[in-house]
Amino acid sequence: MESISIQSSPGAETLTAVEIENLIVNFIATNLEVDPAGIETDVTFDRLGVDSVVAVKIVMELETKLGREIDPTAAYDYPTIETLAQYLGSPT
Amino acid sequence: MSSDSINSPATEASPPWDPESVFSHRTLTRNQRIHAIAITSIPAVGTIIALCLVPVWGLGWLEIGLFLGMYALTATGMEVGFHRLLSHRSFRVGPVTETVLVICGSMFTLGPAINWVSSHRRHHAHTDAHGDPHSPHLHPKTFTGRVMGFIHSYVGWIFGNESTNSASYSKDQLRNHRIVRLSQLYYYWVLLGIALPAAVGGMIEGHWTGAVVGALWGGFVRIFVSHQAAYSLTSFSHLFGSRPFKTRDRSTNLFVMAIPTWGQSWHNNHHAFPSSAMLGLRWWQIDPAGYVIGVLRLLGLAKDVKRPSNEEIARQIARSRELSSARS
Ligand SMILES: [Zn+2]
Ligand SMILES: [Zn+2]
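Residue numbers (my numbering), protein chains in the order written: chain A, 342 to 433; chain B, 12 to 339.
Hints in this document: simulated from the structure, not taken from any laboratory.
Nothing here was measured: the structure is a model prediction, and the numbers come from that model.
Treat each hint with caution, since some may be false.
[Said to hold, decoys possible] Some chain B residues judged to face chain A by a derived CB distance under 10 Å, without partners named:
(1) His-36
(2) Arg-44
(3) Asn-126
(4) Lys-182
(5) Gln-184
(6) Val-191
(7) Ser-194
(8) Ile-215
(9) Glu-216
(10) Thr-220
(11) Ser-335
[What the hints assert, rightly or not] Restraint ranges, calculated between C-beta atoms of paired labels, are given here:
(12) A/Val-375 / B/Trp-68: 51 to 57 Å
(13) B/Lys-182 / A/Thr-355: 31 to 37 Å
(14) A/Asp-412 / B/Pro-27: 15 to 21 Å
(15) A/Tyr-417 / B/Ile-53: 23 to 29 Å
(16) B/Trp-68 / A/Asp-412: 29 to 35 Å
(17) A/Thr-385 / B/Trp-295: 22 to 28 Å
(18) B/Arg-192 / A/Arg-409: 18 to 24 Å
(19) A/Glu-404 / B/Thr-110: 32 to 38 Å
(20) B/Gln-195 / A/Val-375: 17 to 23 Å
(21) A/Val-375 / B/Pro-27: 19 to 25 Å
(22) B/Asn-172 / A/Val-359: 32 to 38 Å
Think of the CB as a built atom: it goes at the ideal place given N, C-alpha and C, for glycine as much as any other residue.
Okay, chain A solo, but in the shape it has when bound (with noise of 0.2 Å):
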């Protein structure tokens, strides 16, 4: 879980889905204090302790991971990590 290797760099990142996934655990996990391996894919945000401002901080940090705008609505859009992460990595 802690050993990808991301550099947050301004210029356009491309990122597989599964990377962006563990981007998404990583950051929730590190924020609310929780155990990264409790944390499920495939589960509402809301179940995981995101609420709309964490939801926002989430695709902020997002932005700066991936070098592009992304609609703040994306995490109402695709409510679980899994199809967030799908919607925004690269096809493999």
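Given chain A's structure and the hints, the job is docking chain B with the ligands onto it.
Below, chain B with the ligands without anything else, positioned relative to chain A:
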């Protein structure tokens, strides 16, 4: 009453500023502003309509009863639920009691539970200092500065572009899925706060006019008046009144606002003992929310009700006297 040891913040240093704890994002700012405009303007318009109808329909027990009933219910939800339970965890309840309190607090219409808890905890972490979301003391010490500071602390701050990061201040509540869901359903609870008195009014009158009276007096007028009491806490309660405890902040005790604020205007007591479930520390310090918690405790619904011991209160008072005599 169990008197769990309570730390007084009077001696504690302010926590370091966390740059992640407050941020600004266009979507959240827009939603907050729409909310702020709606909750200030709609109840005001409803209150004007209600007052215009007084010469036509009169002002009877139905209007007063629904107003007071809904006021007590939502003030309990706000002060007992959002404030003393969720924000300060000054007592414990079961999930059903907690859910009922949070729904009633949401009907108060000052934002979802988690948002309210986060900004309130930020107020306690940085009271009257940089980072306080609604201090009247952070503007220049000129006449205009003071006026602007007052307006900001009374209601202006809710129109601001800042968002308090719930992940910084409310990790405990975010980990509680029920509280997250109840927060997400906020607008339904707001509507319930208008529909409930409308239904009761309609049933009592057996006529549609009863429902209109209920929505107006139990809904809009009640929201408008209770909000003025809430705004007085962020402004008056840090400006005017007595300060028996020389806390680091400028919080005050204000007797006249005790009943409308459901006890929170014993605000200097509160900043001196933030984790106390009782804000009235003397018998004459009227504390409606404290009485509700007392009843919940007698019913076996509230446990571990925290209150500072008399010795602890006496010690703080003595320390405050020393501080003020040392100053003069
Ligand atoms: Zn205060
Ligand atoms: Zn408080």
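Check your understanding: Taking each numbered hint in turn, which are not upheld by the structure, reported in ascending numerical order?
Key -> Hints 2, 8, 9, 10, 11, 14, 16, 17, 18 contradicted; others consistent.
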